[in-house]
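Can you make the complete structure from the sequences, with help from the hints?
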Amino acid sequence: MKRSEGSTVGGVAPPEEPTKQRLSLRVNGAEKQLDVAPWTTLLDLLRETLDLTGTKKGCDHGQCGACTVLVDGQRINSCLTLAIMKDGCEVTTVEGLARGDALHPVQEAFIEQDAFQCGYCTPGQICSAVGMLAEGHARTDDDIREQMSGNLCRCGAYPHILAAIQQARRTSAKGEGT
Amino acid sequence: MNRFSYVRARDAREAVDVVSAHPTARFIGGGTNLLDLMKEHVTHPSHVVDITRLPLKGIEDTPDGGLRIGALVTNSEVAWNAEVKRRYPLLSKAILAGASPQLRNMATTGGNLLQRTRCYYFYDVGTPCNKREPGSGCGAKTGFNRIHAILGTSEQCIATHPSDMCVALAALEAVVRVTGKDGERAIPFADFHRLPGDTPQLDTNLKPDELITAVELPPEGFAAHSTYLKVRDRASYAFALVSVAAALTLDGGHVRSARVALGGVAHKPWRNPEAEALLTGKPATREHFQAVADALVRGAKGFGHNTFKIELAKRSVVRALEEAAGREGQP
Ligand SMILES: Cc1cc2nc3c(=O)[nH]c(=O)nc-3n(C[C@H](O)[C@H](O)[C@H](O)COP(=O)(O)OP(=O)(O)OC[C@H]3O[C@@H](n4cnc5c(N)ncnc54)[C@H](O)[C@@H]3O)c2cc1C
Ligand code: SF4
Ligand code: FES
Ligand code: FES
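Top line first, the protein sequences correspond to chains A and B. Taken in order, the first sequence gives residues 1 to 178; the numbers are from this note's numbering. Taken in order, the second sequence gives residues 179 to 509; the numbers are from this note's numbering.
Rather than coming from a laboratory, the hints here were simulated on the basis of the structure. We put the beta carbon where it would ideally sit given N, CA and C, even for glycine. Any given hint could turn out to be false.
What the hints assert, rightly or not - Footprint (simulated), chain B over chain A, 3 or more residues, beta carbon under 8 Å: (1) 36 to 46; (2) 53 to 64; (3) 71 to 85; (4) 127 to 133; (5) 136 to 146.
What the hints assert, rightly or not - Beyond 12 Å from chain B on every Cβ pair, some chain A residues (computed): (6) A102; (7) I111; (8) C155; (9) R170.
Listed below in structure tokens is the structure:
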């Protein structure tokens with residue numbers, strides 16, 4: 001993906017670069033102090049600077065959801081986010097969901113339900129599902145389909161993704177007694 | 179994306195000052211439209227002024243019994259807000275019909291109003307477009323125009339305004355509060371967006387240095403009888419081909435007042451108070467809804483690929499009004 005279409009160009013600093021700006025982020029629990037060019041997207045910062053390549057670049061235009069991460073617990077498209085605007089925020093990527101060796105219930109469910117084929121959309125699907133479950137507006141299959149519509153899967157693994165999310169929803173609902 | 183200076187505004191005054199000092203400077207809210215257009219080289223601001231730290235994030239009652247929504251409240255927050263759902267379910271429904279949950283978590287109330295058209299030629303800098311480059315021509319009129327306007331078009335431009343939220347705000351007769359170099363003003367929703375005419379580069383009547391601070395909803399929210407119907411190419415996450423915000427107040431089986439706004443058909447949410455008035459005092463029946471639909475779409479003109487929208491708009495109006503009439507309150 002890195003070489004394609006020149007769409008990552010915006011995130012790579014040009015040689016004659018004007019002033020970078022200081023940015024503090026908490027990424028997957030670790031404090032980061034970074035100097036970034038203001039036109040760096042959060043997606044490019046994660047992938048190119050922080051080497052967190054779990055977050056994917058599909059379209060780079062908000063259309064596919066592959067770049068979904070959680071900022072202060074909310075799911076967003078990191079491709080349409082300027083990193084500098086998230087100064088002081090907490091970012092969670094797919095790499096930050098597990099607790100040590102224990103996978104996040106949504107990750108577990110994706111494996112158990114075989115909810116991916118090529119896997120390209122999966123980190124975005126998982127982060128989006130985690131965000132959606134926290135929002136707490138999805139109950140039925142149709143709710144989930146609608147509220148996961150921002151994540152496309154070119155392999156068409158949708159039925160299994162749905163099953164995985166329902167499984168995770170039930171497990172976490174039990175866990176929290178809600 | 180082009181190189182720009184980033185300014186994090188500490189207050190509205192500073193934001194307005196920077197934008198008025200630099201003609202190509204832009205405010206940024208959620209960034210979901212501005213950054214997209216910058217990546218496509220459609221927009222190249224010299225300065226990007228971050229307004230997201232300004233204290234415009236509240237949803238509060240107004241003295242007259244309406245609701246004021248701060249310009250930086252996200253689309254998600256508005257849609258799921260308990261008061262909005264209870265008093266203005268039409269607005270909630272329209273917002274949830276738009277974009278994706280991720281985008282709605284980012285998109286702001288102010289930014290949604292100012293999102294630009296999705297006309298393919300506007301986005302493609304290799305083609306002529308009067309909106310992007312005044313005087314260069316319009317690629318859409320004789321090109322691919324399936325998503326384009328059928329009402330209020332001009333020789334210069336046949337683009338549509340793509341927002342769902344704005345269609346509901348038009349029906350609700352919201353007021354847009356702005357502040358600029360020349361002070362504050364309130365713009366009625368009908369006067370906020372404009373038709374393309376000879377200046378399609380202007381989407382709205384906002385002055386370049388004006389900052390939207392809030393959107394105010396009047397007390398009447400049509401909570402008992404309203405709906406948003408969106409017709410699109412896929413079940414979700416697609417812009418409207420045609421959408422309808424329909425709102426009624428009923429007296430028994432008769433219509434006391436009606437509002438109908440159409441999306442996806444014009445350069446602004448389309449209303450026609452005379453067409454709406456046809457329903458006043460009439461029974462809430464299909465026959466009368468049909469008359470409104472016909473009157474609303476009168477004068478519509480297709481450009482080939484989008485001609486189907488004329489019939490689609492009429493049928494959608496009838497269906498939305500039937501749904502609104504039948505609907506009892508729940509958001
Ligand atoms: C893939 C995709 C699908 C989408 N689908 C839909 C859809 O189905 N329906 C729909 O309605 N929308 C849809 N959208 C559009 C989305 O709703 C808008 O991009 C969003 O509402 C814009 O809000 P923002 O805060 O991100 O704006 P920004 O990108 O931050 O700003 C947009 C413009 O508004 C200006 N601005 C922002 N805030 C203010 C302010 N307070 N005062 C003055 N100027 C301001 C900026 O300078 C900029 O010019 C979609 C977008 C994408 C990317
Ligand atoms: S319809 Fe308007 S926006 Fe589209 S190409 Fe023509 S002038 Fe440009
Ligand atoms: S890469 Fe961000 S939505 Fe596709
Ligand atoms: S698993 Fe291949 S894109 Fe979803």
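Against the earlier hints, flag every one the structure doesn't satisfy and list their numbers going up. none
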